[in-house]
Amino acid sequence: TLYLLEDFRERGVGRRLMRAVAAHLNAIGCRSVMLWVLKDNPTRWFYQHLGGRPVAEQTLRFAGQPVVQLGLLWEPIGVLLAATAPTANQ
610 TLYLLEDFRE RGVGRRLMRA VAAHLNAIGC RSVMLWVLKD NPTRWFYQHL
660 GGRPVAEQTL RFAGQPVVQL GLLWEPIGVL LAATAPTANQ
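Note that my numbering has the sequence shown beginning at 610, numbered continuously upward.
Some hints here could point you the wrong way.
Label-pair ranges, simulated between beta-carbon atoms [stated by the list, open to error]: (1) P675 <-> P651: 11 to 21 Å; (2) P685 <-> W654: 19 to 29 Å; (3) L626 <-> L669: 19 to 29 Å; (4) L669 <-> P695: 31 to 41 Å; (5) W654 <-> V676: 15 to 25 Å.
No lab work stands behind these hints, which were simulated from the structure alone.
From the three backbone atoms N, C-alpha and C, an ideal C-beta is built for every residue, glycine too.
Take these sequences, add in the hints, and give me the full structure.
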(Lines of atoms letter the chains of each structure in order from A; the text may use other names.)
(Lines give C-alpha, C1' and ligand atoms only; values in the text may rest on other atoms or scores of the structure.)
Protein backbone atom coordinates (compact mmCIF):
# COMPACT_ATOMS: atom_id res chain seq x y z
CA THR A 610 0.00 0.00 0.00
CA LEU A 611 1.16 3.53 -0.77
CA TYR A 612 0.76 6.36 1.68
CA LEU A 613 1.21 9.87 0.30
CA LEU A 614 1.14 13.17 2.13
CA GLU A 615 -1.96 15.20 1.34
CA ASP A 616 0.09 17.72 -0.67
CA PHE A 617 1.09 14.98 -3.14
CA ARG A 618 -2.31 13.41 -3.72
CA GLU A 619 -4.29 13.91 -6.93
CA ARG A 620 -1.09 14.83 -8.80
CA GLY A 621 -0.30 11.51 -10.43
CA VAL A 622 2.43 10.55 -7.95
CA GLY A 623 0.73 7.32 -6.87
CA ARG A 624 0.06 6.30 -10.46
CA ARG A 625 3.71 6.91 -11.40
CA LEU A 626 4.95 4.95 -8.37
CA MET A 627 2.67 2.03 -9.23
CA ARG A 628 3.92 2.12 -12.83
CA ALA A 629 7.56 2.13 -11.72
CA VAL A 630 6.96 -0.89 -9.50
CA ALA A 631 5.07 -2.75 -12.24
CA ALA A 632 7.72 -1.94 -14.85
CA HIS A 633 10.52 -3.16 -12.59
CA LEU A 634 8.70 -6.36 -11.65
CA ASN A 635 7.88 -7.01 -15.30
CA ALA A 636 11.53 -6.47 -16.27
CA ILE A 637 12.71 -9.09 -13.78
CA GLY A 638 10.17 -11.63 -14.98
CA CYS A 639 7.18 -11.23 -12.67
CA ARG A 640 3.91 -11.81 -14.47
CA SER A 641 1.50 -10.56 -11.80
CA VAL A 642 1.38 -8.09 -8.90
CA MET A 643 -0.47 -8.39 -5.61
CA LEU A 644 -0.72 -5.97 -2.72
CA TRP A 645 -2.63 -5.74 0.53
CA VAL A 646 -4.77 -2.76 1.48
CA LEU A 647 -6.93 -2.19 4.52
CA LYS A 648 -10.53 -2.94 3.65
CA ASP A 649 -11.69 0.26 5.36
CA ASN A 650 -9.05 2.41 3.65
CA PRO A 651 -11.05 5.12 1.83
CA THR A 652 -8.45 5.28 -0.94
CA ARG A 653 -8.84 1.59 -1.78
CA TRP A 654 -10.68 2.79 -4.90
CA PHE A 655 -7.31 3.97 -6.30
CA TYR A 656 -6.03 0.41 -6.65
CA GLN A 657 -9.33 -0.90 -7.98
CA HIS A 658 -9.49 1.96 -10.49
CA LEU A 659 -6.08 0.75 -11.73
CA GLY A 660 -7.55 -2.70 -12.32
CA GLY A 661 -6.62 -4.48 -9.10
CA ARG A 662 -9.22 -7.11 -8.32
CA PRO A 663 -9.92 -8.48 -4.86
CA VAL A 664 -8.72 -12.07 -4.55
CA ALA A 665 -8.12 -12.53 -0.82
CA GLU A 666 -9.23 -11.21 2.54
CA GLN A 667 -7.61 -11.71 5.91
CA THR A 668 -8.04 -10.38 9.41
CA LEU A 669 -5.02 -9.28 11.40
CA ARG A 670 -4.80 -7.98 14.94
CA PHE A 671 -3.37 -4.50 15.41
CA ALA A 672 -3.17 -3.04 18.91
CA GLY A 673 -5.46 -5.85 19.99
CA GLN A 674 -8.14 -4.94 17.44
CA PRO A 675 -9.13 -6.94 14.36
CA VAL A 676 -8.20 -5.25 11.09
CA VAL A 677 -9.41 -6.62 7.75
CA GLN A 678 -7.22 -6.30 4.71
CA LEU A 679 -7.86 -7.17 1.07
CA GLY A 680 -5.40 -8.73 -1.34
CA LEU A 681 -5.67 -7.08 -4.76
CA LEU A 682 -4.23 -8.77 -7.84
CA TRP A 683 -3.17 -7.57 -11.27
CA GLU A 684 -2.83 -10.60 -13.51
CA PRO A 685 -1.33 -10.36 -15.99
CA ILE A 686 0.97 -7.53 -14.97
CA GLY A 687 0.12 -5.79 -18.25
CA VAL A 688 -3.22 -4.78 -16.72
CA LEU A 689 -1.38 -2.50 -14.28
CA LEU A 690 1.07 -1.28 -16.91
CA ALA A 691 -1.79 -0.30 -19.22
CA ALA A 692 -3.75 1.39 -16.42
CA THR A 693 -0.74 3.49 -15.42
CA ALA A 694 0.48 4.37 -18.92
CA PRO A 695 1.25 8.07 -19.33
CA THR A 696 -1.49 10.16 -20.89
CA ALA A 697 -1.20 13.25 -23.07
CA ASN A 698 -1.56 15.39 -19.91
CA GLN A 699 1.41 13.78 -18.15
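Okay, the hints, checked on the actual structure:
Separated by about 19 Å at the C-beta atoms, P675 and P651 satisfy the suggested range of 11 to 21 Å. Range check, P685 to W654: Cβ separation about 22 Å, and the 19 to 29 Å hint holds. For the hinted restraint 19 to 29 Å between L626 and L669, the CB-CB distance of approximately 24 Å keeps it satisfied. Distance hint check for L669 and P695: the Cβ-Cβ separation is about 36 Å, which falls inside the suggested range of 31 to 41 Å.
Between W654 and V676 the beta carbons are some 19 Å apart, a value that agrees with the proposed interval 15 to 25 Å.
Taken one by one, the earlier hints all hold for this structure without exception.
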